[in-house]
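Construct the entire structure; sequences and hints are all you get.
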Amino acid sequence: MSTPARSGGPGPGTEPRSASRSVPPSASESPTEPSASRSAKPSASRSAGPSASTYRALVVTASNRAAAGVYADTGGPILADGLTALGFAVDGPKVVPDGDPVEQALREGVAAAYDVILTTGGTGVSPTDRTPDATRRVLDYEIPGIPEAIRAEGAAKVPAAALSRGLAGVAGRTLIVNLPGSTGGVRDGLAVLGRLLVHAVDQIHGGDHPRTSG
Numbered sequence: 001m002s003t004p005a006r007s008g009g010p011g012p013g014t015e016p017r018s019a020s021r022s023v024p025p026s027a028s029e030s031p032t033e034p035s036a037s038r039s040a041k042p043s044a045s046r047s048a049g050p051s052a053s054t055y056r057a058l059v060v061t062a063s064n065r066a067a068a069g070v071y072a073d074t075g076g077p078i079l080a081d082g083l084t085a086l087g088f089a090v091d092g093p094k095v096v097p098d099g100d101p102v103e104q105a106l107r108e109g110v111a112a113a114y115d116v117i118l119t120t121g122g123t124g125v126s127p128t129d130r131t132p133d134a135t136r137r138v139l140d141y142e143i144p145g146i147p148e149a150i151r152a153e154g155a156a157k158v159p160a161a162a163l164s165r166g167l168a169g170v171a172g173r174t175l176i177v178n179l180p181g182s183t184g185g186v187r188d189g190l191a192v193l194g195r196l197l198v199h200a201v202d203q204i205h206g207g208d209h210p211r212t213s214g
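At position 109 of the sequence shown (counting the first as 1) the number is 109 in this note's numbering, and the numbers step up by one without a gap.
Derived by calculation from the structure, the hints in this document are not laboratory data.
Simulated restraints, written as ranges between beta carbons of each label pair:
id, residue 1, residue 2, range
1, A155, T54, 32 to 42 Å
2, P159, R107, 29 to 39 Å
3, R195, A68, 31 to 41 Å
The C-beta atom is built at its ideal place from N, Cα and C for all residues, glycine as well.
Next comes the structure, spelled out in structure tokens:
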């Protein structure tokens, strides 16, 4: 199973969200189609270089039960809101079953030239948790420090967070990061990514390292 959910909310995945965060998604809405792109907010943490609002992000939720409509996705909407707050133009969450559909969604996202694809769900050690395996087949190279930092952030609160097998890396010019399916795991991931995500994307696109005084 994926990393156990914290008290912040239930496990992985939902259908795409409606415009109101407090209103459940429409039953007629397809759980496997991304919702409309959100308007990016200006990034207050950026003092120079490309604005985060020029970058596009896709959220993918990996969950058999959420894809089947058994329960609503909770992690994906939190992840999408977090990216929007960082200044990204966000599509999704796109909810897909575990396994091969994750790989397909990632390849489609890379082909669509998203700057960032964040996944939630399927990172644990249960037989159906195959998001890292699907991700590895898509990546050109890995960035081990990102998932290590995310695991450390979570394990400080919930030791079982160390069981997450999530990966991060680059495919083409797209940064892909796997996050756990629990809402707590998603928030831990956002806490880490909020400190480095825009800089990482800048670097992938050939940007300079920030200058330091002294």
